[in-house]
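J.: Read off the chains here:
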Amino acid sequence: MVRYGGWSGKVLRVDLSSGRIWTEDTIEKYRDFLGGTGIGYKVLWDEVPAGTKPFDPGNKIIFGVGPLAGTGAPCNGRTAITTLWPTCSPMPLVATGHMGGHFAAALKYAGYDAIVIEGKADRPVWLSIVDQKVEIKDARRLWGQGIRRTTIDISQEIGAEASVAAIGQAGENLVPMSVVINSFSHSAGGVGAVMGSKNLKAIGVLGTGSVHIAADKSEWEKLIKLHLSLLGANNQHVVPNSPQPWAEYYSPGSRWVASKGRRWGAADPPLETGTCDPHEVNRIAYRTNNAAYFLGKEIWKYTIRGNGCTSCPIRCHTMLKVPAAKAKYGFSEVGQNTCVGLLFGRSFFKTIPDGPQGQTALEACMVGMHLADDLGIWCNYGQLQRDLIKLYYDGYIKQKLGEKEFKSYSWDKYEKGDPTFLMELLPRIANKDGELATALGLGTGYMLARWGISEEEWKKDYNAVYWKMGHPKHHSNEDAGQCGVIINTQYNRDAQCHSHSNFTRNGLPLEVQKRLAAEIWGSPDAVDAVGAYTPMNRYKARMAKWSLLRKELHDSLSLCNWMGPWVASPLKERGYRGDDSLESLLYSLATGDRKSREELDQVAERIFLLHRALTIRDMGTVEMRTKHDTIPAWVFYDPAGKAPFSKGTNRMDPKDMETAMDMFYEEMEWDPKTGAPTESAYRKVGLAAVADELKKKGGLP
Amino acid sequence: MGSKSDIVPLGGERRRLKMDHKDESLAQVKEALKAAGLGQSLSRRQFLKVSGVTVAGMSALGFLLSKGEAKTPLVIMDQAQGLVVADPTRCVGCRRCELACTEFNDGKASPTLSRIKVSRNLNFGPKGVYGGQRGHGNWGDGLIVQDLCKQCPHPVPCANACPNDAIVVKPPLNARMVDLEKCIGCKMCQRACPWEMMSFDAETNKATKCFLCNGKPKCVEACPAEALAFVPWRDVTDKIPPRVVPTAIVSPEKAASCNECHKR
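Just so you know, the protein sequences line up as chains A and B, in that order. Residues in the first sequence are numbered from 1 upward in steps of one, following the working numbering. Residues in the second sequence are numbered from 1001 upward in steps of one, following the working numbering.
Misleading hints may appear alongside valid ones.
Here are the in silico distance ranges between beta carbons for each label pair [said to hold, decoys possible]:
hint: 1; chain 1: A; residue 1: Q359; chain 2: B; residue 2: L1180; range: 17 to 27 Å
hint: 2; chain 1: A; residue 1: S18; chain 2: B; residue 2: E1203; range: 53 to 63 Å
hint: 3; chain 1: B; residue 1: R1134; chain 2: A; residue 2: D131; range: 28 to 38 Å
hint: 4; chain 1: B; residue 1: V1245; chain 2: A; residue 2: H279; range: 42 to 52 Å
hint: 5; chain 1: B; residue 1: L1180; chain 2: A; residue 2: K222; range: 23 to 33 Å
hint: 6; chain 1: B; residue 1: R1134; chain 2: A; residue 2: T534; range: 55 to 65 Å
hint: 7; chain 1: A; residue 1: E669; chain 2: B; residue 2: V1231; range: 36 to 46 Å
hint: 8; chain 1: B; residue 1: V1245; chain 2: A; residue 2: K350; range: 23 to 33 Å
hint: 9; chain 1: A; residue 1: K53; chain 2: B; residue 2: V1245; range: 51 to 61 Å
By construction, these hints were calculated from the structure, which means they are not laboratory data. Glycine included, C-beta positions come from ideal geometry on N, C-alpha and C.
Take the sequences, apply the hints, and build the full model.
T.: What follows is the structure, given as structure tokens:
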């Protein structure tokens, strides 16, 4: 048998009901699905029948990584977690959560490409993985503890270098809006309660082995250096956000925030980020400061440094030292997170003293992230916070709660934007304490159903940005017009796809983007200026397909789709081109299984279609176009009444979006009437058996 | 060494100094130095101060040294010429240094095998998990301490502890490195390093350590935060607190050489 690099070669299987632990051969069983979400979908398809509920012992939860995890390929730190999704409404369907940190690498060094967990332990347990030694251990002393205490306890037992993925009280209490967290701040949403339902408190991994690179080491080194040279800042923004001596362009929306005079002020001594010429590969880590990007220039003085995942030079988790967090609220003064995790606390408040980038906002962020990342609460990409604002200010809360419970919250503090309100609310969500906390913890879909509120109410609210099935938009029309909308119709939670927005928001002028778009998707018309959209064309559909396939490819290889693909670069001498073949080059050299870009994209399509097949099978209908791929009303609305395709609006046109979906289905070679993949579409990507099974169930158009 | 050849290659693993207790051995050394036009009448102590360049010159005369006893313990005298130093306040904890060290040298990614060590301090700092959230590392104040080989001056603890003289100097940088052919995987060197800088490859059953990548350290090249630098060697062994109390034993033969050179 061929010996491959990249993969560790084993998938770890654990049945918590029987206590049985065994392994499977990765190559034999899962090579055609790469890893990550690919393995996750495959296990659910093969082993978890339709009708299984998320908290049933029969549901399985798969922690999958890919052949690139643990290698020196940049941005490979993410673990994909696949399971039946407890916040997906009205019925649970397959979805995935993704955490960064150091867990993915640890798993590979321990010798595993994935962990598949099934069953339910008869008492609280945690899974100890120390290389080949895998044990189910008693977690009764950890049950009821926060994620941080749990991590420290387990690290004391198996070693300070261990990576521990743990749930908090929210997951234990089967709150659907719960996370699993590793490496202090790296969370995957929605799966905490699935672990909780299995009485699984944590997975601790200590790996001391290696990931082998199949290719000649100098060839690998050359490729890694090429990849590094093409990196931008976070989200692959390739121009700086302020004028720099080396830069032809800049864009205020860029996450490339380094500049002379901007310093990591809480480093001891403070550290200048400097001009960060893209050729200075030894200064890539200074480009990004997401706390400063989201919370404004005052943040620089609180910045200790950037932090992030294994092997990633882009440090998107900013580490902050905010003395007020301790002095005023009693939390650690050091905290770290990125994006919505960073803004978790602030986002609950409609108004906050001294504005969204002021001192109180920062304190709310610190309080929020410390509580959420210890209790293990999920924000559903900010929907939890938007829901609370809407429920409160539209009067639902007063209406739905008894007077006693209503008065048990300090709503005056809430209205004033006092961060201590979070100390009332968040522990109650984690503990299902009262009606409001319980409802919020269900996720939007089931919360609305419980309170008898029409989902259409939410779907028409322009500010709530709710999409469907319990989840919000994630880089939709506001970032890429019709392409973004198409992408947001495809998943059973928020889309979590960045392939398209990483391109449209990369900061390059439209003419450069159009030139690159012509090379990648066949026409400059694939992209528009953000907020100045033109009617649909087939190149946008092609870009949507490419975006979705690359997302699945990244989630299966263990590359970060929050950073890739890398089709644009900061290098003027390359005409700002990146390299559309990086994924296949990395895969080929790491594993030794040489695949061209087209061949690997076909594997990605296989994985994406398996997700589609699972959705169809578990929904019990092929009517995807009308029952699944839906678009909320707010997408077709503009608060200022601007017409679709006029300058300054994200508003889409309903008829044009029908054309867009037609073109997308056509591009996928799916049935346009139902939006379901045809038998030949499955066969083309090697899923004949899946097609056969769907056929028996009426799952083909 | 027991070489039967009249010609001994310059440098590398075959370069060794005989420092046993036999007076005639010392006479041989002196004779050798004289022949090389280097030593007139070196005392033993003066001999210890012979520079790396001088000692390298001696290796051409290894055949003379090899005429002595079959067991001629290696004692490294030459100073290293380079050193990788680190600034913990710049480290961002990405571990790209560890991955570059092992992928580009060994063809596999393995922080355990890496000759620069960051992972072990990443979560809680050098003091480990007992520091909890009050220590260093990602769970503490954010400071990530990178552990690096000091390229120790004589006496070199890892080399002295090796029962097979498998830790040798490699010119021109004189990095202390493991001769894989001689290493039998006994891990005595791991017990000897106060900074726990010896790595062990479980797949090959061999020890390894920082050899400065022959002058172009991969870790330095890989750091995205300019936290590492390759600098002229200086003695940092008395600046950086040890991680452990070494427990290796020095063989009687080597101990005897110490006595031979240092007694007055």
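J.: For each hint, tell me whether it holds in the structure or not.
T.: Do the hints match the structure? See the list:
no., hint, in the structure
1, A:Q359 x B:L1180: 17 to 27 Å, "violated, 58 Å"
2, A:S18 x B:E1203: 53 to 63 Å, "violated, 33 Å"
3, B:R1134 x A:D131: 28 to 38 Å, "holds, 30 Å"
4, B:V1245 x A:H279: 42 to 52 Å, "holds, 46 Å"
5, B:L1180 x A:K222: 23 to 33 Å, "holds, 25 Å"
6, B:R1134 x A:T534: 55 to 65 Å, "holds, 57 Å"
7, A:E669 x B:V1231: 36 to 46 Å, "violated, 60 Å"
8, B:V1245 x A:K350: 23 to 33 Å, "violated, 59 Å"
9, A:K53 x B:V1245: 51 to 61 Å, "holds, 56 Å"
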